[in-house]
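Asker: With the hints as extra help, turn the sequences into a complete structure.
Letter by letter, the chains look like this.
2 protein chains.
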Amino acid sequence: MLSPRFFDYIKARQELVNKALNYYVPLLQDFSARVTEAMHYSLFAGGKRLRPILLLAAAEAVGGKPEDYLPAACALECIHTYSLIHDDLPAMDDDDLRRGRPTCHKAFDEATAILAGDGLLTLAFELLAHPDLRARVSAGRLLEVIYLVAKAAGIEGMVGGQMADLLAEGRPVSAEELDFIHQHKTASLITASVVAGGVLAGASEAQQQALKTYGKAIGRAFQIVDDLLDILGDEKIIGKPVGSDLAKGKATYPRLFGLEASKQKARELVTRALESLQLFDEKADPLRDIAHYVVERTL
Amino acid sequence: MLSPRFFDYIKARQELVNKALNYYVPLLQDFSARVTEAMHYSLFAGGKRLRPILLLAAAEAVGGKPEDYLPAACALECIHTYSLIHDDLPAMDDDDLRRGRPTCHKAFDEATAILAGDGLLTLAFELLAHPDLRARVSAGRLLEVIYLVAKAAGIEGMVGGQMADLLAEGRPVSAEELDFIHQHKTASLITASVVAGGVLAGASEAQQQALKTYGKAIGRAFQIVDDLLDILGDEKIIGKPVGSDLAKGKATYPRLFGLEASKQKARELVTRALESLQLFDEKADPLRDIAHYVVERTL
Chain Y
1 MLSPRFFDYI KARQELVNKA LNYYVPLLQD FSARVTEAMH YSLFAGGKRL
51 RPILLLAAAE AVGGKPEDYL PAACALECIH TYSLIHDDLP AMDDDDLRRG
101 RPTCHKAFDE ATAILAGDGL LTLAFELLAH PDLRARVSAG RLLEVIYLVA
151 KAAGIEGMVG GQMADLLAEG RPVSAEELDF IHQHKTASLI TASVVAGGVL
201 AGASEAQQQA LKTYGKAIGR AFQIVDDLLD ILGDEKIIGK PVGSDLAKGK
251 ATYPRLFGLE ASKQKARELV TRALESLQLF DEKADPLRDI AHYVVERTL
Chain U
1 MLSPRFFDYI KARQELVNKA LNYYVPLLQD FSARVTEAMH YSLFAGGKRL
51 RPILLLAAAE AVGGKPEDYL PAACALECIH TYSLIHDDLP AMDDDDLRRG
101 RPTCHKAFDE ATAILAGDGL LTLAFELLAH PDLRARVSAG RLLEVIYLVA
151 KAAGIEGMVG GQMADLLAEG RPVSAEELDF IHQHKTASLI TASVVAGGVL
201 AGASEAQQQA LKTYGKAIGR AFQIVDDLLD ILGDEKIIGK PVGSDLAKGK
251 ATYPRLFGLE ASKQKARELV TRALESLQLF DEKADPLRDI AHYVVERTL
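Residue numbers (the working numbering), protein chains in the order written: chain Y, 1 to 299; chain U, 1 to 299.
Just so you know, the hints here were simulated from the structure itself, not pulled from any lab data.
Hints are all accurate, no fakes.
Pairs involving identical chains hold if they fit within one copy or between any two copies, as the list cannot separate such chains.
In silico DSBU-like links for lysine-lysine, alpha-carbon gap of 35 angstroms or less:
#1 K151 with K11
#2 K151 with K106
#3 K48 with K283
#4 K212 with K248
#5 K212 with K19
Answerer: Here it is as structure tokens:
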């Protein structure tokens, strides 16, 4: 269903984001150089740049130019990458591989990995208040974005989700708990990426609500598909051993509801995401394509 | 030299900050409750609230009302506390005690401590963009503060300083390297606290420069005195065994230059801090008293 045009679009956006990341994330040459090397190592480990691309696509959907919002797009990739580095630590999920390469604490060491995560998280907020962004977006909109991104990344979002995920390991979880984990750990930052793009480009209240519904739906779908890939996927594609979530006793959607119900749920969520975009014109087509892509990578 | 009035002032400000921290740092009751318990455990472990008080005192010095800037004051304490939690981790300084109590990862566990730090750091930026602050401070000033605080906390500040500090452990360091560590690890966030207070309350360019000079000087003095306390101090006052920096082979000012030269340097820095405040009237007296306090706690 996805056109070659979509893959060209994604590739062009990835290049835009990668160039911006290289520009906005410094490689320092002083006594602290090592931590910036570790940040680059993890930032340029083959990530798909889903969150930055969602931010840019949402900005486009309301008439914005992607080039105007690159520091914000980079900020979201920094937050996503920090969360992966910290989640992989021995005290957390204890993963040695990420996208087929040694994780940050394996390639460097634990202390450097903790600091690389801290550095990326802090840099994200520096970028959201960066003069280059201030030159293009009103201060009021930027504060709104900082507030919603911080909420989505923090204890009421990603951090809270990772805590709940760790506490759920190795024991049965309820549907309510699993939904809490998915919503906090994955969907909240994806939703924030989409809404942030809209706010930056001046979305109306109704448009922001629609983008939020879209973000929540594809965020949940994304997590369910991720869990499915852990069971059905190809180790080369997912970059870690198939079945590693299952082996750890991680709470997953297919574990609780089975494969077929999970696929069905992911498809429903994509339909909901597409419906929420009805008030947008063809400038929202990249968002529509991304919704299809989220499930088609496996189903 | 310090008057009882100063200690009343400090006590009143500490109470103001503690009340605000209780209000602005939530104790969640959901599946992620544990991470917020750990955040509170470390936030309310007897910290002196130096950074928030500096922010409020700097705001007062340029005519602001402290009550207007409490979310920003709390943000700085959140950043300071996160840095202590992460620095204490086994992979970093591996400390079991902090201010006489078990460190966060000892009282909880490593994963929770990492997440508590991440949660506090993220919350700091949420608070700097908080509606309560937006109701009192222009969006442009708040963005300026977010940018300078993020820079001071990140790889060009505290995170870079901790990286350099770890890399310097157990080997001789040059005066240049030690200065880098002090400036990044301690002085940068202290300086940012002072400058942020000024910016929030509308300091002129000249006033901001003066506050920066003041902050850098007391920040460096503070670190030197801390190092001195590690040698001369009372375990009950410093909350960790005397000599623990020396035992770890940590780079310190007295180690490199000796006790007398260190005391002399701290006194010189306080004089510089006081001189930088000459363009302020008596509303800057709390800042002056704090400068004295920084060295008098030991010399």
